[in-house]
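K.L.:
Here's the letter readout for the chains.
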Amino acid sequence: MRRIEILAPGGNIEMARLAFMNGANSVYVGLAGWSRRTREYELTFDEIREIVEIADKYGKTVRVAMNTNFSSLEYPIFVSAIRKLREIGVSALILNEVGACVVAKEEVPDLEVHLSAGSNAINFEDATFYRSIGVDMIVMPCNLRPEEVKEIKERAKVKVEVFLHSNTCFTYLGKCIFSSYFRYDWVYDEWNKNLFLGSPNRGGYCHRICKAKWSYDGKAVTLRNDMFLVFEELAMWVKAGVDCFKIQGREYNPRIIGEIVAFYRDIIGDILRNDRGFDLSKYTERWLSLNRERELEREKRTIKVLREVEMLQEVTNPLALV
Amino acid sequence: MEEFVLSTHVETLEKLKGLNLELFGSVFIGDPTCSLYPENIMVSEERILKAVDFVKSKDERIEVVLCTFAEPRNKDLSWQLTLLERVFDKVDFIEVHNMGVLRFLSKELGFSRLIMGFFGNIYTHKTLEVLKDFGIVRSFLNPELSIEEIMFIKENSPVDIIIFAHGKLPLGISESCFIKEVKIGECRDICEPLVIESAKWKLASFGFATFSAKDWNIFEYTGAFLLKGFKYFHIQGLRERIEYINKVAYIYKKVCSDLISGRDSQFEDLAKELLETTRYGFCNGYLFRRAGSRYVGRLFGGEEPQTVYADEVKGGFRDEKD
Chain A
271 MRRIEILAPG GNIEMARLAF MNGANSVYVG LAGWSRRTRE YELTFDEIRE IVEIADKYGK
331 TVRVAMNTNF SSLEYPIFVS AIRKLREIGV SALILNEVGA CVVAKEEVPD LEVHLSAGSN
391 AINFEDATFY RSIGVDMIVM PCNLRPEEVK EIKERAKVKV EVFLHSNTCF TYLGKCIFSS
451 YFRYDWVYDE WNKNLFLGSP NRGGYCHRIC KAKWSYDGKA VTLRNDMFLV FEELAMWVKA
511 GVDCFKIQGR EYNPRIIGEI VAFYRDIIGD ILRNDRGFDL SKYTERWLSL NRERELEREK
571 RTIKVLREVE MLQEVTNPLA LV
Chain B
165 MEEFVLSTHV ETLEKLKGLN LELFGSVFIG DPTCSLYPEN IMVSEERILK AVDFVKSKDE
225 RIEVVLCTFA EPRNKDLSWQ LTLLERVFDK VDFIEVHNMG VLRFLSKELG FSRLIMGFFG
285 NIYTHKTLEV LKDFGIVRSF LNPELSIEEI MFIKENSPVD IIIFAHGKLP LGISESCFIK
345 EVKIGECRDI CEPLVIESAK WKLASFGFAT FSAKDWNIFE YTGAFLLKGF KYFHIQGLRE
405 RIEYINKVAY IYKKVCSDLI SGRDSQFEDL AKELLETTRY GFCNGYLFRR AGSRYVGRLF
465 GGEEPQTVYA DEVKGGFRDE KD
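Quick note, the sequences are listed as chains A and B, same order.
Quick note, this note's numbering runs 270 ahead of the 1-based positions in the first sequence.
Quick note, this note's numbering runs 164 ahead of the 1-based positions in the second sequence.
You can trust all of the hints, since none of them are fake.
Only pairs whose alpha carbons sit at most 30 Å apart, straight line, appear in this in silico DSBU-like list of lysine-lysine:
| hint | chain 1 | residue 1 | chain 2 | residue 2 |
| --- | --- | --- | --- | --- |
| 1 | A | K489 | B | K347 |
| 2 | A | K489 | B | K364 |
| 3 | B | K239 | A | K423 |
| 4 | B | K366 | A | K574 |
| 5 | B | K254 | B | K296 |
| 6 | A | K489 | B | K366 |
| 7 | B | K271 | A | K423 |
| 8 | B | K271 | A | K420 |
These are computed hints drawn from the structure, not numbers from a lab.
Looking at chain A on its own, in the form it has when it is part of the complex (with noise of 0.2 Å):
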């Protein structure tokens, strides 16, 4: 039977055994002042060090996410982490970069490079290009349908990886720097990385400016900010060849992270099995619960940052002029 990896995130400690236990293959953290999360829910390499020895005994892998736009005068300390990073254990980084993953393939070549959906990769060519300098596997964005990805899988002839939740963002993600632009500040860790605080795309918290209660010409508009769920198309996209469904959640609770990995290990392991007479209605009742869950985690986060958002707008200096 065609093997499909679930990747579950890796938060914390626990979050990442309860991944483990409850059927993921892989479990991707995000190493602390180099991926798109916040320091809370960034791992030390003593932590990720602690990670790989549970997912030795489950015979599971690790992947580091240090998908961020660092740089040009961090690329020392960037090798400097990606060599202790091996040395530890993990099996694959999830970059951004194409330096990086050029960088990377070219100092630790036993690791598996996966691109981050933050470089955008979204067509065929696209994919073709990065497998050409070395990458391993891709996150797809989550503008994408089915079709689309089959066809970049099928003529890239690359592995692809697509999140089962996500939402998209009013741009495509990897391409906006409208929280830099009204907040960015520089500022360094204990091992010297630069935060970038306000720039999600260099690693600082994204203050989600696209949630701001925009208007035109008086009138309130939204600008669109998408739930991205695959529940109801799963088995077309298992049909479009993914390799790899990904859970995001890093911020979550890890009990629901265990649920959530236990329910999709579940409906993928019957939609495999059962190609034609899959009955999606089944799981119905208990993805509307697990969803529930998910949302009001999501929703905390929500309220965060929109007050964040109007906190920032006191304080942002305004130019002078005009």
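Take the given structure of chain A and dock chain B to it, following the hints.
P.N.:
The following block gives chain B in isolation, referenced to the frame of chain A:
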């Protein structure tokens, strides 16, 4: 060739004909943000050839740079790549924003006079090292980079850097047209920039792309860039009136010429003229490690550079990221 080259984007033949070509060494033909933009030069072989003829008939030395669609999906590649196959040898350079289009031009057509556009997300010299092998000879950089990062890239990369000198700053690009969400009608009738507001913030939607409402401005730092050996300066012309583009280009050409020849430039007068061209003010914050919407400088009511750096402290700021 002069010691500096000014460039701009023009979307249509009509606009091209209004351009004062004496001011420019390089003209980017087409609008890379929207393939549906009425009369967009870059989507029609006939318009492309007419544009090339027009520019070359005025001055053979002016470089014609053909734009390509910034975010092509699989379905867009069919027309985009077919068109490029027909016209690639008719233009001096081709501007790409997408790695897939870049790969196709470089590896399938053997074209090696390529310019990486501002949606290419170029942050590091290492990325440019890789892209040099794909025919990139000149590149825009992501606006989030600071002066020292730009300098480092210039000194350590094998390709020429284009300085985004003046105009609305590209902040993001989406998969759908925001103007069509707000207005009802045919593109021809409704396509004009919308300025959306949220408290003190303003953004300009060009449809698929979102730009700053303020004008990015390096005017008072032009001499510093010239002194450091930068040669290519870009005036952002998309969705701008031709009078604006010609006026801004005239001012930059004057200040560059005066600085290079050692003539006494009427700097303050030129600054006043530049001020008259802006509606929402100026910004340049990224150059100084600050939010892009801020303006740092002696002119235009800007913040003093030294006060901007005064609060920079290394370490101990991790909680700010959240």
